[in-house]
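Note that the protein sequences, when read in sequence, are chains A and B. Numbers 1 to 532, taken from this note's numbering, label the letters of the first sequence in order. Numbers 533 to 921, taken from this note's numbering, label the letters of the second sequence in order.
Rather than coming from a laboratory, the hints here were simulated on the basis of the structure. Mixed in with the good hints, there may be bad ones.
List of simulated lysine to aspartate or glutamate pairs, DMTMM-like, C-alpha gap at most 20 Å [to be verified]:
| # | chain 1 | residue 1 | chain 2 | residue 2 |
| --- | --- | --- | --- | --- |
| 1 | B | Lys579 | A | Asp324 |
| 2 | A | Lys216 | A | Asp246 |
| 3 | B | Lys792 | A | Glu477 |
| 4 | B | Lys836 | A | Glu352 |
| 5 | A | Lys51 | A | Asp154 |
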Amino acid sequence: MASIRQRHTFIVHSQFRDSADTLSLTKDKLTLNGVPGTRQDRIIVTADHLKEKDILQAVDNIRIEVVSRENVAHIAPFNRQLAWGTHINVVPTEAFDWTGFCKWIQSSVNSEIACVGQESFIEVPYGYYLHSMYTDSSRLLSYIQNNYADAEQDIAHELEEASAANYLSVSLNKTSADKRIAGRLVAEAYWYYGLWTKTIRAGGPNHRVEVGLLGKIADDPQGELTYGGILAVIGENEQFVPTLFDFSPRHRSVFQPAVYYPDFRIPYGLHPKHLTTVLGDISPPRTNTTLLKASEENETKVSEAPSSCGLYGYYILPNFIFVDKYQISDLADAQRGSVKRVVGIWGETDLEIPVWMVDKWGSAMLLELVPPAQSLVPGEMQKLDIEIPMHSRYEVPRWNTTVATHDMPWPIMFWACNGSVEAEMTTSPFDSNGLGHEYLFDAGTMFYYLHPNQTISNPVNKTYLVTNLNIPLVPLESYKYVQPWTVSVILLGCMWIFYKAFLGFRRDGGIRKAAGERPDKDKMEKKGPKTE
Amino acid sequence: MKLTTMRLLGAAALMRLAFFFYGIYQDEHSEIRFTDIDYFVFTDASKFIAQGGTPYERATYRYTPVLAWLLLPTTRYFWFGKLLFALGDIVAGWLMLRIFQLRGLSNDRALKFASVWLLNPMVATISTRGSSEGLLGAMVIALLWAVYEKKVVLSGVLTGYAVHFKIYPIIYVPSILWALDNSPVLLGNGVLRWVNKDRIKFALSSIITFAMLTGAMYYIYGHPFLSHTYLHHLSRSDHRHNFSPYNILLYISASPSVNKSPYPSLAFIPQLFISGIFLPFMLAKKDLAKTMFVQTVAFVTFNKVCTSQYFMWYIVLLPFYLPSSSMLKNKWLGLSALILWTLAQVLWLQQGFELEYIGKSTFFPGIFAATLIFFSVNVWILGVAIDDI
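So that you can see chain A by itself, here it is in the shape it has in the complex:
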């Protein structure tokens, strides 16, 4: 069994035909010249090929993902969507050194990530999670470079290419059911498009290098994907091996066009309302079983979509913004509004503290949403407004400004469908099955992602899945007035009170009622301008 598995997958157009110019395979290397396509690289390494093992002993499961902000296409079969930033998911062992872990994150993943200890993480059903806004992967790539030890094959070029990748993942799962990855470090990179010119060499005896050029042959939107193309194990195959295989992936994009665009209602105020507008055919994915039923009963009416699909929104809320869990639960209970059910709100949910008192990076929220009423006409365009009331925290006062500008990732919107028997779902060779939002659902759930509604990025006009939010704050210049004025006004107030009390004291000759026959003031009927 090889102890390093390196796989390069290129998804090319099904019309792609190789020629001697673009592809050339020899006994010990493969050369690509200007091959256009989507690419995923994966490298699976056993522990003995790693120089640093400490962090790996200390966790049961860890996954670090770096997702770029750019809005890129999620080309099948890599349809899984994730908010931008750096995601660190971890299932620690007993007696975990959180402080040491944070130091490791800052030295090996990204020095800007705010991490102090366990208090920086949020506890989610499957472990602990930290999200950071930073998307620079250079330090993580250096870490991989410095730790990867294979005398025969170095991956420096791949790492350099990975600095332009749209998605990067490093994970380790000691308890995975998949024997091929259990206990091994899995590094993965994804580029949604490139014109690939590179040379891939064979590895050593324990190092298997595979390359596949695949195109989508068939796409049954509710069932299986069929891919075909050519494969080669460099060093073993001197010719490409044709291949055809089908599988049912866990993550798909919705087949029918349904897009969404989130933003905050203007004006923001301190209680901004997050509004996601979904447009298109917002009907649940229909699975094979229902289509079968429809044809059996010879119905021309659109069959009922199975009730096992729910529409979900997964929100990443950095610590400057939060939701009131009571308010959201009330909305769900009252069945008035966009929320059908609160699956979970994890992280900092305190309703009162300012941003500088929050230890955690923020909070994450998974909501089941109310889908629009089922339309009788298949493919009818619908519009759905999903409004979630949120609240901003008080900001740290700053110099020369009265506002803090923030970026927030777009939520991911998807249908999650249950009911497919797990055995039916063949494991996609492309699903990474690591820690992430999938673990918030039952195993066997299939995900159909809606499309973020922004023009897909091109090299010139990049678009970013960012929502802006401004939070007002007090400018620090005011402090030089605030302190003295507050103190002076309070002191003046005290003096006024002492003065008035003294006047009364003198008038009444002491602290008792004035001596003499003066009648009780209260009993006097009010008459005229002056009594007494």
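Please arrange chain B on chain A, whose structure you already have, making use of the hints.
Leaving out everything else, chain B in the frame of chain A:
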């Protein structure tokens, strides 16, 4: 139609019932809730208790568990609490009339001044929105009534209970002790002559009641009780915008941008000295009810945090101050006091609205100036009231 006690109490009750039913209607049909968020905090806490837990499982429940116990019927009939608070208003009004009688005010005038509380729409709104201030008002009037009825031990018990509920009634303890003059002296001569039978009875009954209640709650709920109900109020940094003159200073000072200012932690000195020592000493022997009024105004005005619910604390005692107030004798004085007090609030509310709903940074100078102006108006009125006593 002649105003009689029954008619006044009846009108007050009807008014509150009307607001109560309107509130239910608005909650059902409008996006903006009539019911205060606090009411949901109380009822959630009661629900937790009914399920065998503690009220502190509800975030932001910062009161004594006794309140959640009192509201246990809300698990059956949700609006029971509002009715209880509204009833508290009426009881406070009724006891107020009894006090006026004991003070020798004519019935006509008593009814007129008690309507300042009983027929006050702001008061009725706050209780029917589900804030517990009405209940507290009833407690304060009750303890004052007990003093006038010469039921000293009862007054002590009610005071102990009120302090357990809300802490601030502790400022009434020095006033009552100072005012309890006419009672047999227990210990010899000199300074110790101050210690008379009534004062001992009051001190002991209030301390024992407070200790028993607090002890019982601590025994049942442990440290969370102490921390949420009492300690929280000592260490809270109310940086969120409110009426207090310390508001903006607290916001900036609590942040990591500056070294912590020494002033906020000293704020309790003028507040407690004026409301708890100075005013009782100077005025309690002249008129206990009026002293309690100005003490409460001072306490609220000099507090580090001030929201409109706190106004209830002194509005319940306002009817005792008014009969010989110079602000009623001199119409222009009274009118300008009312207008300025209202205008200062409106100014703050306008700045607050721009911040909360428009998102404009009105902290400085807007809210800062408005809080100082509001403070000054309150202090001016307070000074006038002190001189009137």
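The hints, checked one at a time:
Of the supplied pair hints, the one linking Lys579/B and Asp324/A holds, its CA atoms being roughly 19 Å apart against a limit of 20 Å. About 10 Å separates the Cα atoms of Lys216/A and Asp246/A, which keeps this hinted pair within 20 Å; it holds. Between Lys792/B and Glu477/A the CA atoms are separated by roughly 16 Å; this keeps the pair inside 20 Å, and the hint holds. A threshold of 20 Å between alpha carbons decides the hint, and for Lys836/B with Glu352/A the separation of about 16 Å falls inside it, so the pair holds.
Restraint check for Lys51/A and Asp154/A: satisfied, since their Cα atoms lie roughly 14 Å apart, inside the 20 Å limit.
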